[in-house]
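*Asks:* Residue numbers (our numbering), protein chains in the order written: chain V, 6 to 312; chain Z, 263 to 815.
The set of hints was computed from the structure by calculation and includes no laboratory data. Since we're looking at a predicted model, the values are computed, not measured. Possibly wrong hints are sitting among the right ones.
As the list claims (entries may be wrong) - Each computed DMTMM-like pair below joins lysine to aspartate or glutamate, with the alpha-carbon atoms no more than 25 Å apart: (1) Z:762 / Z:596; (2) Z:501 / Z:484; (3) Z:762 / Z:748; (4) Z:414 / V:64; (5) Z:762 / Z:376; (6) Z:402 / V:52; (7) Z:414 / V:65; (8) Z:466 / V:99; (9) Z:743 / Z:702; (10) Z:414 / Z:433; (11) Z:441 / V:52; (12) Z:764 / Z:748; (13) Z:634 / Z:776; (14) Z:764 / Z:358; (15) Z:773 / Z:484; (16) Z:414 / V:175; (17) Z:762 / Z:744; (18) Z:517 / V:175; (19) Z:762 / Z:442; (20) Z:414 / V:82; (21) Z:815 / Z:620; (22) Z:764 / Z:620; (23) Z:466 / Z:485; (24) Z:517 / Z:581.
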Amino acid sequence: MNAYLARRVVATVPVLFGVSLLVFSMLALVPGDPVQLMLSEFQTTPEQIARLRSQLHLDEPLPVQFGRFVWNAVRGDLGTSIRTRRPVTTEIADNFPATLQLALAGLLVAGILGVSLGVIAAANQHSWLELGSMLLALIGVSMPSFWLGLLLIFGLSLRLRLLPATGGGDLAHLVLPAITLGLGAAAILARLTRSSMLEVLRQEYVTTARAKGLAEWLVIGRHALKNALIPVVTIFGLQFGQLLAGTFVVETVFARPGLGRLIIDGILNKDFPMVQGVVLVVAVSYVLVNLLVDLMYAVLDPRIRYA
Amino acid sequence: MGRVRGIVRGLPPALVALNLFFTACQSQPPASAPPAATTAAAAAQPAPAPNTTSGQGGSVTIGLDQEPPTLDPEASPSAITFYITSSVGETLLYVDENRQIQPWLAQSYEVSDDARSFTFKLRNDVTFQDGTPFNAAAVKWNLDRVVDPNFKAGSALAQLTGYAGTDVVDEFTARVRFKDPFVPFLIYAGSPYMPMLSPTATQKQADQVNQAPVMSGPYKVDEWVAKDHVTVSRWDGYKRRAPWSDHDGPGYLEKVVWKFIPEAGTRAATVESGETQLATVLTPQDLPRLQSAGLQVVSKPWVGMPFMMFLTTTRPPTDDLNVRQAVEYGIDRDALVSALYQGIGQKAIGPLTAVMLDDASLHSLYPHDTVKAGQLLDQAGWTPGSDGIRNKNGQRLEFSLNAIDYGGGPDQSNELIQGQLRQIGMDVKIKAQARPPWYEDNYHCANNGMELFLRSGELDVLYAAFGSANVGGNFNWSCIKDPEMDSMLDQGRRETDANKRKQVYLQLEQKLMDQATVVPLVDQLSVFALRPNVSGLKFTGNSYPLVTELTVK
Chain V
6 MNAYLARRVV ATVPVLFGVS LLVFSMLALV PGDPVQLMLS EFQTTPEQIA
56 RLRSQLHLDE PLPVQFGRFV WNAVRGDLGT SIRTRRPVTT EIADNFPATL
106 QLALAGLLVA GILGVSLGVI AAANQHSWLE LGSMLLALIG VSMPSFWLGL
156 LLIFGLSLRL RLLPATGGGD LAHLVLPAIT LGLGAAAILA RLTRSSMLEV
206 LRQEYVTTAR AKGLAEWLVI GRHALKNALI PVVTIFGLQF GQLLAGTFVV
256 ETVFARPGLG RLIIDGILNK DFPMVQGVVL VVAVSYVLVN LLVDLMYAVL
306 DPRIRYA
Chain Z
263 MGRVRGIVRG LPPALVALNL FFTACQSQPP ASAPPAATTA AAAAQPAPAP
313 NTTSGQGGSV TIGLDQEPPT LDPEASPSAI TFYITSSVGE TLLYVDENRQ
363 IQPWLAQSYE VSDDARSFTF KLRNDVTFQD GTPFNAAAVK WNLDRVVDPN
413 FKAGSALAQL TGYAGTDVVD EFTARVRFKD PFVPFLIYAG SPYMPMLSPT
463 ATQKQADQVN QAPVMSGPYK VDEWVAKDHV TVSRWDGYKR RAPWSDHDGP
513 GYLEKVVWKF IPEAGTRAAT VESGETQLAT VLTPQDLPRL QSAGLQVVSK
563 PWVGMPFMMF LTTTRPPTDD LNVRQAVEYG IDRDALVSAL YQGIGQKAIG
613 PLTAVMLDDA SLHSLYPHDT VKAGQLLDQA GWTPGSDGIR NKNGQRLEFS
663 LNAIDYGGGP DQSNELIQGQ LRQIGMDVKI KAQARPPWYE DNYHCANNGM
713 ELFLRSGELD VLYAAFGSAN VGGNFNWSCI KDPEMDSMLD QGRRETDANK
763 RKQVYLQLEQ KLMDQATVVP LVDQLSVFAL RPNVSGLKFT GNSYPLVTEL
813 TVK
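With the hints as constraints, model all of the structure from the sequences given.
*Replies:* So, in structure tokens, the structure goes:
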């Protein structure tokens with residue numbers, strides 16, 4: 006187990022290196038002088054441009070800059086936002102919890118809804134229940150989240166006045182964004198759960214369980230579902246990364262605080278340190294979540310643990 | 263990233279561009295402004311019957327499209343900051359809704375004959391929200407701070423072009439000096455980009471000034487929850503009457519919450535549902551629905567330069583005056599307004615918006631006339647080809663239009679212009695690109711045209727757009743270097759007589775239009791929707807909202 010763990014952890018190192026190299030290159034690849042572009046809304050003197058250039062260490066050779074970038078990032082220093090003049094790390098720390106909350110809530114919606122729909126569809130193959138749940142999944146996966154979000158706002162917030170449309174904070178503010186975010190992932194999970202369940206339900210041990218006279222819900226819940234979930238967990242983990250990215254859109258639609266708002270403001274305002282910082286944090290989160298998923302396999306499936 | 267593309271499309275790209283651009287200048291000196299060269303008649307106005315804010319209360323939430331980068335008005339290049347701080351800070355003078363200069367922190371002012379120095383007699387009863395007194399030393403500290411190279415100033419810096427220093431003449435008299443004549447400073451002193459910050463509090467605060475600046479106005483900043491809202495609350499220490507106000511003391515409402523709601527559809531929905539009581543930056547699609555739902559829609563034209571298309575004068579084929587004039591005739595501004603700006607803009611008349619400078623001579627310039635446009639192109643040697651596009655010496659008449667693409671395609675007006683100019687045989691190639699290369703191209707005069715607008719309350723905004731010194735920088739993107747225009751721009755900075763000054767800029771506008779350096783398209787409006795029970799929204803002379811008179815029934 007420990008060897009497996011160590012292998013997985015070591016394998017993330019080159020990935021993280023690649024990620025930081027890519028993020029770092031953003032600034033180098035921008036056409037024109039990034040400093041002038043960053044300051045284009047300000048009235049500046051050549052001295053100020055020179056000062057910012059040296060503050061950002063853009064006057065040093067690229068490898069030195071990259072080394073500094075990595076070393077600072079490791080120490081938690083991602084520079085200072087051009088736009089807000091606050092440390093990028095502080096901005097991210099202020100906004101990360103909101104994004105994490107939303108992503109987890111979206112994941113919860115996706116998990117509960119997706120697995121339930123998938124199980125219902127598999128357990129009722131060739132019935133209208135299967136048709137209904139798969140139709141719902143199809144709608145979920147085809148609907149762009151910004152559109153779904155606006156529909157939910159118009160329906161549940163504006164017409165029915167059930168839930169607030171905007172803002173962070175309490176649970177009521179989380180419901181609509183979480184549904185918007187989770188529905189797409191739920192659809193994918195539903196289809197996957199269904200097919201995985203169908204496969205497992207054909208296995209002999211399920212027939213045995215049924216032959217022993219076990220109640221159908223026990224057969225499905227205890228025997229089939231646990232085994233059907235392994236591929237689902239993989240996708241679940243990958244979906245978490247997707248959901249993190251999805252929060253960017255959802256946060257904008259619902260005017261919630263979060264990393265998505267940081268990065269969109271950053272992009273619109275050419276705030277390179279901010280964009281680099283957020284991309285790095287999101288990429289690292291993605292890598293870590295994948296690592297976590299790998300480790301969860303080991304828990305779910307002993308064969309992987311000892312391989 | 264298909265989903266992201268969708269949402270970014272929701273943000274009108276032009277709008278983003280403009281708010282961040284150059285909010286640098288201020289309101290136009292009105293024809294009836296006090297003669298600048300003499301001691302100002304800006305003495306205290308007779309106060310209307312005492313009317314105080316006691317007994318009022320409540321709060322409203324206002325939906326904004328963006329979060330400000332900072333609330334330090336001296337640091338911010340973003341218009342959004344001034345939406346909020348206009349009711350929090352006080353400036354030396356105040357340019358009112360009719361663009362008249364009123365006294366505020368200065369009871370009167372005097373301009374030297376050479377228009378290089380401005381002496382302000384300050385009120386002696388003003389304290390900042392931290393209890394420290396406002397005086398001439400505070401004025402000096404603030405202005406010095408803006409030009410300090412270690413402080414990255416925002417829009418405020420352009421207001422102090424050529425600043426030579428401030429003399430503290432006595433405790434309540436400050437003299438601001440410039441290296442060159444700089445009449446625009448009078449309007450800038452009355453614009454919201456340089457309200458007075460408490461030197462004591464600001465020095466103590468360090469970076470915290472970006473979150474909660476300490477000033478002297480009717481409201482104070484309570485809290486800023488990042489990416490969510492800024493709350494300002496009534497400052498009960500405010501005993502004066504703000505220049506626009508009908509009462510002594512701070513605002514009527516206890517609190518005003520500025521909530522950041524980037525998506526336009528969501529913003530409109532919140533004011534319709536009552537989650538917010540006011541909302542701004544609304545789309546033509548949402549306005550009719552809001553009105554039919556019983557909401558009030560209040561609009562105020564923006565000051566500065568309209569939404570326009572610069573024509574590059576140094577690059578073929580637009581280096582030819584005939585071609586540029588043909589473009590002017592070829593564009594149907596009425597069609598543009600009715601297609602894209604219903605309720606949020608009106609047809610522009612010149613390089614300055616109509617509220618800045620209006621003259622009958624500008625209204626008749628370049629009516630939509632494709633025949634005339636064709637004649638001009640004929641004269642220039644461009645003859646119609648078989649595919650409808652004109653040719654000259656085997657060369658097609660192509661026009662490269664530089665456009666920003668935030669991910670959802672360029673602003674629709676680009677395509678509209680493309681379609682209109684095709685009618686006169688011109689093939690417009692839209693060069694859609696991200697903002698950094700868009701700027702870069704403009705600095706290098708690399709295309710034939712690009713759209714933008716500039717917010718400013720001062721006629722001198724034309725200096726940024728057409729001064730020779732600003733080719734290769736912000737914003738002389740017509741790339742025109744004309745000594746005569748430069749001398750007119752210079753004259754505008756020297757002329758202290760408001761009427762004569764207006765004439766200078768009118769002549770300059772006419773010359774700019776004769777030379778077809780720019781196609782004025784739309785005078786945009788600052789639009790707010792208010793719930794039926796809300797009243798009292800006012801605007802500064804720069805079209806920023808003021809919240810002190812707001813009440814909720």
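*Asks:* Is the Cα-Cα distance between residue 517 of chain Z and residue 175 of chain V 25 Å or less?
*Replies:* holds, 21 Å
*Asks:* Quick one, are residue 773 of chain Z and residue 484 of chain Z close enough, alpha carbons at most 25 Å?
*Replies:* Violated, at about 49 Å.
*Asks:* Keeping to a limit of 25 Å between CA atoms, is the pair of residue 634 of chain Z and residue 776 of chain Z held or broken?
*Replies:* holds, 15 Å
*Asks:* Within a Cα-Cα threshold of 25 Å, do residue 414 of chain Z and residue 82 of chain V meet the stated pairing?
*Replies:* holds, 21 Å
*Asks:* Are the Cα positions of residue 414 of chain Z and residue 433 of chain Z separated by 25 Å at most?
*Replies:* violated, 28 Å
*Asks:* Tell me if the straight-line CA distance from residue 815 of chain Z to residue 620 of chain Z falls inside 25 Å.
*Replies:* violated, 38 Å
*Asks:* Is the straight-line distance between the alpha-carbon of residue 762 of chain Z and that of residue 748 of chain Z 25 Å or less?
*Replies:* Distance of about 17 Å is within 25 Å: holds.
*Asks:* Tell me if the straight-line CA distance from residue 517 of chain Z to residue 581 of chain Z falls inside 25 Å.
*Replies:* At roughly 55 Å apart (the allowed maximum being 25 Å), residue 581 of chain Z and residue 517 of chain Z break the hint.
*Asks:* Does residue 52 of chain V sit within 25 Å of residue 441 of chain Z, going by the straight-line distance between their CA atoms?
*Replies:* holds, 20 Å
*Asks:* Would you check the hint for residue 414 of chain Z and residue 175 of chain V, treating anything up to 25 Å between C-alpha atoms as holding?
*Replies:* violated, 38 Å
*Asks:* Residue 466 of chain Z and residue 485 of chain Z: Cα distance at most 25 Å?
*Replies:* The hint holds at about 18 Å.
*Asks:* Holds or violated: residue 501 of chain Z and residue 484 of chain Z, Cα atoms, limit 25 Å.
*Replies:* Holds - the C-alpha atoms of residue 484 of chain Z and residue 501 of chain Z are around 19 Å apart, at most 25 Å.
Violated hints, listed in ascending order, are 1, 10, 15, 16, 21 and 24; each of the other numbered hints is respected by the structure.
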